[in-house]
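Participant: Dock chain to chain to rebuild the complex, using the hints, since each chain is given by itself in its own frame.
Chains as they are written, first to last, in the working numbering: chain A, 1 to 276; chain B, 1 to 296.
Don't take every hint at face value.
In silico EDC-like pairs for lysine to aspartate or glutamate, Cα to Cα no more than 20 angstroms straight-line [as the list claims (entries may be wrong)]:
| # | chain 1 | residue 1 | chain 2 | residue 2 |
| --- | --- | --- | --- | --- |
| 1 | A | 152 | B | 81 |
| 2 | A | 205 | B | 128 |
| 3 | A | 158 | A | 130 |
| 4 | B | 270 | A | 222 |
| 5 | A | 226 | B | 264 |
| 6 | B | 269 | A | 225 |
Don't read these hints as lab results, they were simulated from the structure.
What follows is each chain in one-letter form.
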Amino acid sequence: MIISVASGKGGTGKTTVAVNLALSLDEKVQFLDCDVEEPNAHIFLTPEIKKKHSVNILIPKIDESRCTYCGKCSEICAYHAIAVLPKSVMIFEQLCHGCGGCSLLCPEKAIEEVCKEIGIIQIGKSKKIEFINGKLNVGEAMSPPLIRAVKKNITDEKVVIIDAPPGTSCPVIESIKGSNYCILVTEPTPFGLNDLVLAVEVIRKLKIPFGVVINRSDIGDEEVEKYCHKENIPVLMEIPFDRKIAEAYSRGIPVIEAILEYKKKFQELYKNISGD
Amino acid sequence: MKQLVVISGKGGTGKTVITAAFASLAQNKVMADCDVDAADLHILLEPKILEKHQFTGGKTAVINNEKCNQCGNCIKVCRFDAISLNPQSTIHNPQSVSIDSISCEGCGVCFHICPKMAIKMEDNLSGEWFISETKYGPFVHAKLGIAEENSGKLVTAVRQNAKLIAEKENRDLIIIDGPPGIGCPVISSITGADYVLIVTEPTLSGIHDMVRVIELAQHFRVRICVVINKYDLNIEMTKKIENYCKISKISVMEKIIYDSVVTESVVNKKTIIEYSNGKVARQIKNVWEAIQNELN
Ligand code: SF4
Ligand code: SF4
Chain A
1 MIISVASGKG
11 GTGKTTVAVN
21 LALSLDEKVQ
31 FLDCDVEEPN
41 AHIFLTPEIK
51 KKHSVNILIP
61 KIDESRCTYC
71 GKCSEICAYH
81 AIAVLPKSVM
91 IFEQLCHGCG
101 GCSLLCPEKA
111 IEEVCKEIGI
121 IQIGKSKKIE
131 FINGKLNVGE
141 AMSPPLIRAV
151 KKNITDEKVV
161 IIDAPPGTSC
171 PVIESIKGSN
181 YCILVTEPTP
191 FGLNDLVLAV
201 EVIRKLKIPF
211 GVVINRSDIG
221 DEEVEKYCHK
231 ENIPVLMEIP
241 FDRKIAEAYS
251 RGIPVIEAIL
261 EYKKKFQELY
271 KNISGD
Chain B
1 MKQLVVISGK
11 GGTGKTVITA
21 AFASLAQNKV
31 MADCDVDAAD
41 LHILLEPKIL
51 EKHQFTGGKT
61 AVINNEKCNQ
71 CGNCIKVCRF
81 DAISLNPQST
91 IHNPQSVSID
101 SISCEGCGVC
111 FHICPKMAIK
121 MEDNLSGEWF
131 ISETKYGPFV
141 HAKLGIAEEN
151 SGKLVTAVRQ
161 NAKLIAEKEN
171 RDLIIIDGPP
181 GIGCPVISSI
191 TGADYVLIVT
201 EPTLSGIHDM
211 VRVIELAQHF
221 RVRICVVINK
231 YDLNIEMTKK
241 IENYCKISKI
251 SVMEKIIYDS
261 VVTESVVNKK
271 TIIEYSNGKV
281 ARQIKNVWEA
291 IQNELN
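Chain B with its partners taken away, still in its complex shape (with noise of 0.2 angstroms):
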């Protein structure tokens, strides 16, 4: 079973349009959305949702004033500045440390370093997952949790979900969404994945952004191609993107046209497979059946 990744550096370059549309194109396959932190493919699958598991990862310090007799030990150990004086102090009042939840790591050296034993590691509900049925085949999918930190542990358990249900049921290839960037959900992403496809514009930031993916890509010893989306926006900046790939030997596998009925299909809810048989459809087409070369 091959595992495909699409990813982009940066947002807006089209990815999950592309991703969508290879999920009403490819046969045997499991559907992952990994941008957990702006999830929206499921916008375009309209999932009927099978199970819904809870997702913890981490933990909160809360501190129970009742206990704290205010040494001050906790506030001078925190490196994240989550822990401080309450500055109201009168006599009625005595002074209460408290702990900003939203600062908090959940390192737990105040747990471990505080005398009184008044500050406990609580539990966070960091987001849910969830496992899916779509016209497309099954999906996994995930909201992370408001403000909640994105490590990259619920993409892990996204993947493997995705993972365990090919394997039960056969299926021989997962397409997976990826996250935005270069930080921690991309290396989750992308770790141990079979091919990567980078979705990038012609546009400044788009190409900056591009490198960037890239030279974490081939950190991680992946295979990668690039998609330059919306190609005609700026022949000038794509034939930047081209050269850097050639010098870079990276293929890029198509240059897709700029066409508003993109953004038609999107706000219809539809693939872009499904709405139209223009170019863009074509053109997206003809990168799934490169790609499927390339994966066999």
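Bound-form chain A, shown alone (with noise of 0.2 angstroms):
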């Protein structure tokens, strides 16, 4: 059973949820954070990592000496990451995806492929929970490979719960596809119900059954309810504003360790969705 937990927006609470429900489970858990910009998960679940590895990408690298200029290259890239001048070849190794189409194709045999680090995954444990992330360097902006390398871990055996990124552009597909199951976390404002509405297209797109957890679910309006109820989507839970849940989390305290009833919540919520 793949679980991902998303949200349209940050904010919302969707680590809180992940984690929490990674701590209730009595299954053996996976838990990956494929939040690669945003990683926070390890500050609640405090893993103790013993390994870590680079991710990297493939990119072009031109052996001038054999390189003719003759520009083939530049004219195949689909994200402009190289030009070529009368006299040299320039890489924009930001805008490389790695996609090979350079050097597969240089008539020359100019071009080979060189590693580039975009980011580390570190794998760990945290009591009973398998832990694994990816961290994103800073200023590299292609999360998805990333992303892919962390979900590579995935086991069968265990309950995988994914903490995907906020949005509902390219790295949370990547993260949420392949999932049975899919939490969207939101909040009863306009600005909740705003990016719910978007990410409940992106999930249908998908067909991947979901359902939503409203946090903070005391604070706005009814709306994100009303929506639910039109759109036949379950609310699964509902975690009122707690300033104890609130001081808990900003100090990287798990929900279910300040208030225990919640661990029979997320029990429960576990039950629901997995259909046992």
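Facilitator: Spelled out as structure tokens, the structure:
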């Protein structure tokens, strides 16, 4: 069972839900933090990191002794990552997606590929939970390859919980693709609703079953609930605003440790979505 | 003309609320929402759309199975695992190759390599951007298409058009609501800006993300300052942020209190300045004055 936790926008409590769900289960759990731009789950899970390795993409390197400056590589590069000048070739590493097209199609075989680190993966353990996260290098723009590398670690025999990045674009899709269920975390404000509607469109496109958790359920208005009702989206759980939760969060303490009854609530949520 | 960008590293810190407040305080300016992935500023500014533009960024490979002879070359070269052989093959229904448009990154390598020219690269409609009128002046915003790549190109289009309007109408400031994170869209939002305001909150993850976004802004050599929102939710963390900023020589402009009036104002779709004249509103006014001094 792969469960991803997403939210149209940041700050709705996505990581809180993912972490507390992971901590509440009696099953063997694997936790993947795919929010590689801003990985935060480790703050709450405090894993002991046992392994670290870097993740690379392949970028082109020109062998100027063979290059005839024909310009073929820059012509085929869809991301404008190569510019060929009369007597030199410039490569803009930040724009390169590592597709390999330039080296494959260079008529002079003048391009080799070299590794460039885009981030690291850390693997560790937090009590019973197997923990994996990716950390994108600052100034690096390409997160999907790093997310793919994090997800390569998925093992079938565990319950896999994925903390997805916020938003509705590429990195989110990359993270939730292949999940059996997606939990969308939102809050009951016009901002929350706006972003929820966008996130729902994405998940429907991916055809993944999903439900909603409404965080700080008592702070805003009724519109989110009305929307879920109208769209036949199950509201899996409501978490009222509680200063105790906010304070625990700010210190990096999981909710289920601050307010014990939440453990049972998260277990029920899991039962509810896993169908047993 | 100056460009001010409000970013937060982490979402949900109150960035949009503060940007919207600036909209009601600033005079001669253009507003821009560069959080194209989860644009929210329009909710508070209630724009009247004057112009709507399609945005095509990138392409997607589409296969014509009538031309394809299943040689498998494209499958071999695709680094994004977007191409596969359909598993159901019978004599009557020979195998066909399919391209998953969601995984396709539009690099076009399959298109170039295909001996049968069975692959076409089609333009993606990756979003729309708008020029609107609001009671606070011109506003440029966008909507990223569902599941489209937020590569920063749409962000760039929004910024460029905000700039054009500012130049044309002689407006001396562009206020930009930036995206969260440290990736492509943020990089596109802050490169070449004059000043970045980082809104953070006193939580461990808030600090963590603030540090990363400060590194990013320094990497691009933009001037920065910090505002701590909801500072009284955790005084101890607030002190940590202040210490970090002190050591890094970054000014903390204001510590804004937590007040549910902020959520109320959002629910009522008003900027906090319009909605209340309580402490939060006054504090944001102070921030605005301080920024004006910095910009001049
Ligand atoms: S395609 Fe090959 S030969 Fe032509 S400019 Fe590029 S590297 Fe040089
Ligand atoms: S590997 Fe692909 S993206 Fe990178 S420079 Fe070559 S053609 Fe462009």
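Participant: With reference to the structure, classify each hint as holding or not holding.
Facilitator: Now the hints, each set against the structure:
{"no.": "1", "hint": "A:152 with B:81", "verdict": "13 angstroms, holds"}
{"no.": "2", "hint": "A:205 with B:128", "verdict": "19 angstroms, holds"}
{"no.": "3", "hint": "A:158 with A:130", "verdict": "9 angstroms, holds"}
{"no.": "4", "hint": "B:270 with A:222", "verdict": "18 angstroms, holds"}
{"no.": "5", "hint": "A:226 with B:264", "verdict": "18 angstroms, holds"}
{"no.": "6", "hint": "B:269 with A:225", "verdict": "18 angstroms, holds"}
When the structure is compared with the earlier hints, no violation turns up for any of them.
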